[in-house]
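> Here is how the chains run, residue by residue.
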Amino acid sequence: MLKALHNFGEYVLLMQRTFSVPERFGVFFRQMLQEIYKLGVDSLWIVIFISLFIGAVLTVQVGLNITSPLIPDFTVGYITREVVLLEFSSTIMCLILAGKVGSNIASELGTMRVTEQIDALEIMGVNSANYLILPKIAGFVLFIPVLVIISMFFGIGGGYLMAYLSSMITVAKYEFGIMFWFSPFNITYSVIKSMVFAFIIASVASYYGYNVRGGALQVGKASTNSVVMSSVLILAFDLIITNLMLGR
Amino acid sequence: MIEVLNLYKSFENKTVLTDVSTVFEKGKTNLIIGRSGSGKTVLMKNLIGLMTPTSGEILYDRRSFSKMKKPELKNLRREMGMLFQGSALFDSMTVLDNVMFPLTMFTRDSYKERVNRAKFCLERVNLNDADDLYPAEISGGMMKRVAIARAIALNPDYLFCDEPNSGLDPKTAMLIDELVHDITKEYNMTTVINTHDMNSVMNIGEKIIFISGGRKAWEGTSAEIMSSTNKELNDFVFASDFFRRMKE
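Chains A and B are the protein sequences, given in the same order.
Residue numbering for the first sequence is 1 to 248, as defined by our numbering.
Residue numbering for the second sequence is 1 to 248, as defined by our numbering.
By construction, these hints were calculated from the structure, which means they are not laboratory data.
Do not rely on the hints blindly, as some may be mistaken.
[What the hints assert, rightly or not] Straight-line C-alpha distance at most 30 Å; calculated DSS-like pairs for lysine-lysine:
#: 1; chain 1: B; residue 1: K119; chain 2: B; residue 2: K171
#: 2; chain 1: B; residue 1: K45; chain 2: A; residue 2: K221
#: 3; chain 1: A; residue 1: K3; chain 2: B; residue 2: K119
#: 4; chain 1: B; residue 1: K45; chain 2: A; residue 2: K3
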């Protein structure tokens, strides 16, 4: 318990150093664009691939499990849309990205720490936390809505493809289902949630990477710890945010 | 000139440095020597501000490090250059970008002026055609040269070198020693080198401080080492047959 409090204190202090005015805005902006590319654009293919398949599998699963004649066929499209919009594209996708992006950040910063690159920045008088971490957090938080929207599109598209290719449900019924009782607020809710998750992924991974002590073994450990901790926090915050935004 | 006054450094219950007082002179290559674990790295880390002394004072040209406010400390850091044991070059930047980095962060120079200055520094360390290479693509000796070029980019008043010869062949090690020595004279810097390479001690040691068990056990010049009667120093310096025979 004491260790957890100590770690939390360290995390808060690191964030305090991170969220200060950048030394050079031009440098910060350039760094942020690089991070958007590295953490966001580079994740596009995995987001598209997973979303497409999960959307398709969801349609098959729901189609196979709804056998009652009292439940209309368009429910398959409706459920696929709700699952993709409310949970899959934000929470599950962020859990997957915690593995890809989180381990990338933690290992990059950890390697910089053990090879004294962070010390070199400090000795030059550069606020290393602000220079290295802020562009990662800002870049990822700003780009995650794009990833989430793309995931939604391809998730629902995967289901559409399944409806088109199989005889389980007609395309017309699927289309009716995905438009049925649609609330645009669900997209807002999902995007806000994913931005919180993006902050968790980038900041927690930065904390573990930045504070590595030792060598290559510790860099690997930090990377694993960051993924585990981010995943736990994402699930906890999912519950909190859902209660705050959708709870009655 | 750097003055160290009654410096103590402890970690919890363990005292690593005890009452160390010395002066590192301007325009000279000052060497800190001692066995592994003797406290010389801790002394160096205190000098560059990566550690805070438990008690005692460090004066940079009569300016007390511990009494400085944040902006003064920031300015002082810009007067420092550091050559790390592993070079600590930024992996994601080319050789030219590494040398330009301090100029980009701390000067208002135009891009062209920064490039010119970085190229001048690279030429000074005899690296003319490595501008576009990444640290992973150059040899250990070249990395050290780039690190020296980066360290002198801002015309520092103080240059710190942590084991500049480690991992280098004897010929390259000698070239790096001579380069550091020449640059010290050229820029009239206060250079402090942490080493246990006896060739460096004999070649460029204008002032040598011998640390043993966390205390300053001896200080003098490379010429005085030969006639020293200090047993601890003689055991360390003349540990090999070659040096023992040379002394005799």
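> Compare the structure with each hint and give your call.
Hint by hint, here is what the structure shows:
At roughly 25 Å between alpha-carbon atoms, K119(B) and K171(B) fall within 30 Å of each other, so this suggested pair holds. With a C-alpha separation of about 26 Å, the suggested pairing of K45(B) with K221(A) holds against the 30 Å cut-off. Taking the CA atoms of K3(A) and K119(B), the gap is near 49 Å; set against the 30 Å cutoff, the hint is violated. The hinted pair formed by K45(B) and K3(A) meets the criterion: a straight-line CA distance of about 27 Å does not exceed 30 Å.
Checked against the numbered hints given earlier, this structure breaks only hint 3.
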